[in-house]
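With these hints in hand, go ahead and build the complete structure from the sequences.
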Amino acid sequence: MFAMTGQTIDVDALRTQMQDPGAGGFCVFEGWVRNENEGHTVARLEYEAYEPLAVTEGDKVIAEAQQKFPHLKACCVHRTGLLEIGDCAVWVGVAAAHRDEAFLACRYIIDEIKIRLPIWKKEHYVSGDSGWVNCERCAS
Amino acid sequence: MFAMTGQTIDVDALRTQMQDPGAGGFCVFEGWVRNENEGHTVARLEYEAYEPLAVTEGDKVIAEAQQKFPHLKACCVHRTGLLEIGDCAVWVGVAAAHRDEAFLACRYIIDEIKIRLPIWKKEHYVSGDSGWVNCERCAS
Amino acid sequence: MKTITVRYFAIFRENAGVGEETLETDAATAADVFAATRDRHGSSEPLGHCKVAINDEMADWDSSINDGDVVLLFPPVAGG
Amino acid sequence: MKTITVRYFAIFRENAGVGEETLETDAATAADVFAATRDRHGSSEPLGHCKVAINDEMADWDSSINDGDVVLLFPPVAGG
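Chains as they are written, first to last, in my numbering: chain A, 1 to 140; chain F, 1001 to 1140; chain Y, 2001 to 2080; chain L, 3001 to 3080.
Mixed in with the good hints there might be a few duds.
Unchecked claim - Result set (DSBU-like, lysine-lysine): computed pairs, CA atoms no more than 30 Å apart in a straight line: (1) 114/A / 1073/F; (2) 1073/F / 1114/F; (3) 1114/F / 73/A; (4) 73/A / 1073/F; (5) 114/A / 1068/F; (6) 1122/F / 122/A; (7) 68/A / 1114/F; (8) 73/A / 1122/F; (9) 1114/F / 1068/F.
No lab work stands behind these hints, which were simulated from the structure alone. Everything numeric in this text was worked out from a predicted model, so none of it was measured.
Here you go:
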């Protein structure tokens, strides 16, 4: 299940939802707002998203992970709005029978989420400037 | 930092300790007690450890991860004693500037913890039998 | 000529100064819409870095444009 | 002859029926101690699947044994 939220991500509640007596490995990735990007000191971040399509595409990414690695529980929640340093911008959790699938599926989901979903990030710098962040794939 | 504990692992407190304004990626792995192993229905698990050396070796594993991937915060806590289905047996958390190091260091730590530390796992089956679990590397 | 709605997001919206506008166009494909509105969205990004959706479905740049379509122009995404 | 302390863990401890014992031995290496106590720890595991520590330091099977050493015999580990 993929969701967007304008509120603080409740990581405890998400972890509880992932529990499963058949799961032996649980892998989580969280993206946190850093105080620095490419030499700029960041004050805060702003996420804009086109939610209807972000949710459709996010659900598709999770379904793909579940097809590649059957029998896993997977969930991702992404923030919108204004975020401060240290805030959790995205949470991905995968519970699987074994750790290998848990790690690989978690990595697959965050990698695809970052390049496929209509979500944009504007950095507000301590200098007063701001800028839209280029996509990872564009930079590489 | 590596620690062994006989108490429920406090995953919230551990997550809070990992927070760092320079960290953009946080990867966690948790090992959970599964209800099944190699065709046996598991009722509970018992961990035995030789703690002085488990801690020394665990700290060494974390130091190796920090050398491979500089500037990361990493922590691992492992349970001892009797655990029920769904209990968290081991928690590994890594906070790094970027997600790649976070995933790789987290994976390195759990992989090494499983094969190097003097920790043993006895499965108690629903059938009333019990058995010591063979090491991963021995099985492969 | 067709009548379509074009929606801009993030830096495209800021550049265009509006989130949405109605266009009369003879654009055959999504790429034509991107080119026709380049002055509005102000993008110097290669097309391959941007994305397009038509009527709330992700689309390709060579997807055809029909009368009444809502075309969403997405600058380079950066989730996570 | 040397006097050493041998400690057994997990299945080795269960097989030996004791966690620790004192041995008079002429064992030259840790591997010799493992072989000399095989009846006690009852292991059919290859040496390479087991581990040994001497005086609270991880050691190799060809590490030499000195009078007064505490030798810890570890069956195949299974953390996590």
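Which numbered hints are broken by the structure, listed smallest first? Violated hint: only 6; rest satisfied.
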